[in-house]
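Colleague: Given chain C, put chain Z in place with the hints provided.
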Amino acid sequence: MKPLRLLALGVMCAALPAACGLAEGETPRPVPVRATTGGPAGEADFARECSACHMAYPAALLPARSWRALTSHLSTHFGEDASLDAPTTQRITGYLVSHAADSSDGSPGVMRGLPAGQTPERITDMPFWRRIHDDLLEPGVGTGPGLRSAANCMHCHNGSGGDD
Amino acid sequence: MIRRSAMAFSLMLLAGGTALAATAPAARQSILDHYAAEARKTDAGFKGFSAAAGQAFFLAHPGTGRPETPSCSTCHTNSPRNQGRTRAGKTLAPMAVSLSPSRFTDLAKVRKWFARNCHTVYGRVCTPVEKGNFITFMAHQ
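Residue numbers (the numbering used here), protein chains in the order written: chain C, -11 to 152; chain Z, 974 to 1114.
Hints are not guaranteed to be accurate.
[What the hints assert, rightly or not] Below, simulated DMTMM-like cross-link-like pairs (lysine to aspartate or glutamate); rule was C-alpha separation at most 20 angstroms, straight line: (1) K1085/Z <-> E1103/Z; (2) K1063/Z <-> D33/C; (3) K1085/Z <-> D33/C; (4) K1063/Z <-> D90/C.
What the hints contain is simulated information worked out from the structure, not anything from laboratory work.
Same shape as in the complex, but just chain C (with noise of 0.2 angstroms):
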């Protein structure tokens, strides 16, 4: 398995770390977030599209059959229409799969816990994500201005972090 890539995102909510579920001073962990640089197919597709409008999501962070059918409907997607032509989506797709959590690329950390028969759309549904963000669960969290969604992960991984 290569190694997975890993971009160390840790800097801080200083302003708000009560908002990132932290106590002062303490330092989010590294998001994994594979480089993109260098270009397989799609991967530029991906990075424009997808960063629109949201933080253009580590593929490692969901297995291929999430991505498969997150991608089946753009056009109803978390209450957005982000529909694209076939060949872009299609493209997008590709990379998506070719580099996700179950993919040679994967972590089987980020794997773990994930029954066979279930296909999360949501990062936040994955068993990984709800062991390490367990403060984000509590009731009102993502709803005020600041954090705004726990789908706003730059909030609090705000990543001036180098590269792996």
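Modeller: Using the frame of chain C, we list chain Z on its own:
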């Protein structure tokens, strides 16, 4: 020699900047022309786009789209001069052309976002007149 090269480079930069500044309004006008041509197909008496109608369209809460996005302002705020924010938390550049000069200069991109956002906010396809009014309003902001 070095000084001459530097001067030539500065001139190139200046020319490049001028070309860019001239290109964006022309590209935007050609998109407006496209929608005007579309508008005339269904209304031979079409007289031109209205910034005021575009503003009303931007500020409306039509109640016919998705509950998550009742109006354009859900993400773009009530003023095109403000930065917006997506529901997932990403900051959006202002819609106002004076602050975001590259807005409405790429027809494929304009089509993509009208298709998506008319669907989510209005629950339907927008008409060519609505699209032209919208761009005209933003171009005057």
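Colleague: Hint by hint, say whether it matches the structure.
Modeller: So, going through the hints one by one against the coordinates:
Between the alpha carbons of K1085/Z and E1103/Z the distance comes to roughly 15 angstroms, so the proposed pair stays at or under 20 angstroms and holds. The straight-line distance between the Cα atoms of K1063/Z and D33/C is roughly 18 angstroms, inside the 20 angstroms bound, and the hint therefore holds. A distance of roughly 14 angstroms separates the Cα atoms of K1085/Z and D33/C; the hinted pair therefore holds under the 20 angstroms criterion. A threshold of 20 angstroms between alpha carbons decides the hint, and for K1063/Z with D90/C the separation of about 28 angstroms lies outside it, so the pair is violated.
Hint compliance for this structure: hint 4 alone is broken.
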